[in-house]
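Line order of the protein sequences matches chains A and B.
Residue numbers 1 to 255, in this note's numbering, belong to the letters of the first sequence in order.
Residue numbers 1 to 255, in this note's numbering, belong to the letters of the second sequence in order.
If you're looking for bench data, these hints aren't it; they were derived computationally from the structure.
Watch out, some of these pointers could steer you wrong.
Given that identical chains are not distinguished, each listed pair holds provided it fits within a single copy or across any two copies.
Below, a list of computed lysine to aspartate or glutamate pairs in the DMTMM-like style, where the Cα atoms sit at most 20 Å apart [stated by the list, open to error]: (1) K255 - D106; (2) K114 - D233; (3) K91 - E67; (4) K91 - E123; (5) K114 - E174; (6) K114 - D11; (7) K114 - D5.
Number of protein chains: 2
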Amino acid sequence: MTDFDTDTAPDASGAFRLTDRWNALAGINGGYMLAVCVRALGRAMPFPDPLVISGFFLRPGTVGPAEVPVSVLRAGRTTAFGEATLVQGGKQVLRITGAFSTLSGDGPSYSGSKPPSLPPPEECVAPTLRARSPELSISEQVEYRAVTLPGWVTGSPSGNPASEFWIRLGGGREPDLWSLPFLVDAAPPAAMELGVLSTTIELTVHLRAHPAPGWLACRAVTSHLSGGYYEEDFEIWDSSGALVAQSRQLGLVLK
Amino acid sequence: MTDFDTDTAPDASGAFRLTDRWNALAGINGGYMLAVCVRALGRAMPFPDPLVISGFFLRPGTVGPAEVPVSVLRAGRTTAFGEATLVQGGKQVLRITGAFSTLSGDGPSYSGSKPPSLPPPEECVAPTLRARSPELSISEQVEYRAVTLPGWVTGSPSGNPASEFWIRLGGGREPDLWSLPFLVDAAPPAAMELGVLSTTIELTVHLRAHPAPGWLACRAVTSHLSGGYYEEDFEIWDSSGALVAQSRQLGLVLK
Numbered sequence: 001m002t003d004f005d006t007d008t009a010p011d012a013s014g015a016f017r018l019t020d021r022w023n024a025l026a027g028i029n030g031g032y033m034l035a036v037c038v039r040a041l042g043r044a045m046p047f048p049d050p051l052v053i054s055g056f057f058l059r060p061g062t063v064g065p066a067e068v069p070v071s072v073l074r075a076g077r078t079t080a081f082g083e084a085t086l087v088q089g090g091k092q093v094l095r096i097t098g099a100f101s102t103l104s105g106d107g108p109s110y111s112g113s114k115p116p117s118l119p120p121p122e123e124c125v126a127p128t129l130r131a132r133s134p135e136l137s138i139s140e141q142v143e144y145r146a147v148t149l150p151g152w153v154t155g156s157p158s159g160n161p162a163s164e165f166w167i168r169l170g171g172g173r174e175p176d177l178w179s180l181p182f183l184v185d186a187a188p189p190a191a192m193e194l195g196v197l198s199t200t201i202e203l204t205v206h207l208r209a210h211p212a213p214g215w216l217a218c219r220a221v222t223s224h225l226s227g228g229y230y231e232e233d234f235e236i237w238d239s240s241g242a243l244v245a246q247s248r249q250l251g252l253v254l255k
Numbered sequence: 001m002t003d004f005d006t007d008t009a010p011d012a013s014g015a016f017r018l019t020d021r022w023n024a025l026a027g028i029n030g031g032y033m034l035a036v037c038v039r040a041l042g043r044a045m046p047f048p049d050p051l052v053i054s055g056f057f058l059r060p061g062t063v064g065p066a067e068v069p070v071s072v073l074r075a076g077r078t079t080a081f082g083e084a085t086l087v088q089g090g091k092q093v094l095r096i097t098g099a100f101s102t103l104s105g106d107g108p109s110y111s112g113s114k115p116p117s118l119p120p121p122e123e124c125v126a127p128t129l130r131a132r133s134p135e136l137s138i139s140e141q142v143e144y145r146a147v148t149l150p151g152w153v154t155g156s157p158s159g160n161p162a163s164e165f166w167i168r169l170g171g172g173r174e175p176d177l178w179s180l181p182f183l184v185d186a187a188p189p190a191a192m193e194l195g196v197l198s199t200t201i202e203l204t205v206h207l208r209a210h211p212a213p214g215w216l217a218c219r220a221v222t223s224h225l226s227g228g229y230y231e232e233d234f235e236i237w238d239s240s241g242a243l244v245a246q247s248r249q250l251g252l253v254l255k
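Sequences and hints are given; from them, build the entire structure.
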């Protein structure tokens, strides 16, 4: 059992707990809490695969006990819908709704874009985020490889909120449909290249295929920042060159 | 009062009803039902503007009575969250969650893309969809203008699921934050250029600014179709050149 598997599941007594191993710049990482909810919801659904999940971040999470009540909204013939809520101290922290089904590769296919073009991970650099920001425990859980360090890491935001990089869970933990909702939110926001700090209001993730083992190639882009909000689109491509997850989140710029 | 305003609000006694004026190729249009729910939720929220809405389409809607119970999940200092459910015959049809706030133009801004480059609407063609498909009552409610007719309209899907066009509500009804969640779903899917018919599983819309009066320029793109699902990204730009709404939906290909 890796930290990811342990920290996103209830303990033997059925109790949930958010741990201190997933802290990002603005507190507990949203993708980690999302993964807790998706796994909890998955255990209640009559189909094996999450297809699309939308999560609204109502409050910051805190390290400590949590409850995750789930309910099935509809179980159809090929698709089922449900919701889960992460509750701490009697207050709602995260509310997710999701559709589940059985993912297959059947039917027509079309792709209008390509995976990121990156040199192999072993030829890339690994940003040493935690040495710069000791609170970033999440950087011990996820490995990143990029061609160059992000501008904001060295104090010089590039002004271009777009990046491509490799990512994988630590400890040799291979990707699956349960870790992808975490991984789409596991990298620092592309908008940091615009010099802003932010928090997530809402994140929707589409799970498009079961990922093959190995490193995942990511593409993060923010196209519009205005009125204190921006969107971030995130794609994850697996080692076979298949698109396995797409997400979009609405971020709120912190003053 | 235009048809849109009448058909998305309760009557004087507080009762909701889905009318037959919003039928698309696969039944009652999802964006219409979404607009009903967003308006209902808006009346309960302590902030004036919808910011991000996610809707899950659990069942097809039917023409006739509906109930739309709403609840506030959290009312914070600057953002409030709530949910609404469209119920018909005791069954859930559409479940939405939304965040509301007060949209302003304050703070830093960045734009990495431009509005569609289209000739003026009066130099474009108007597809006569209803003459081809009499069930398409929605085409009486929305005006479209494009440089060329979509390929699927003339029986020759182009294979390129991307398009740019003008759109506006009929009857001189100017756009606002309440009609945009409808309009992002009011055009035939871009994926029809791949020769597929589809229905929406989930749609998320970000409202980015109050739209200026006039025609709206739209961009619809599907980048990935596989395993029976595709995403569609939709942008709406107003007459001042501002991005006012972005949406992404997960579509299910109908067999």
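Exercise for the section: Check each numbered hint from earlier against the structure, then list the numbers of those it violates in ascending order. Expected result: 4, 5, 6 and 7
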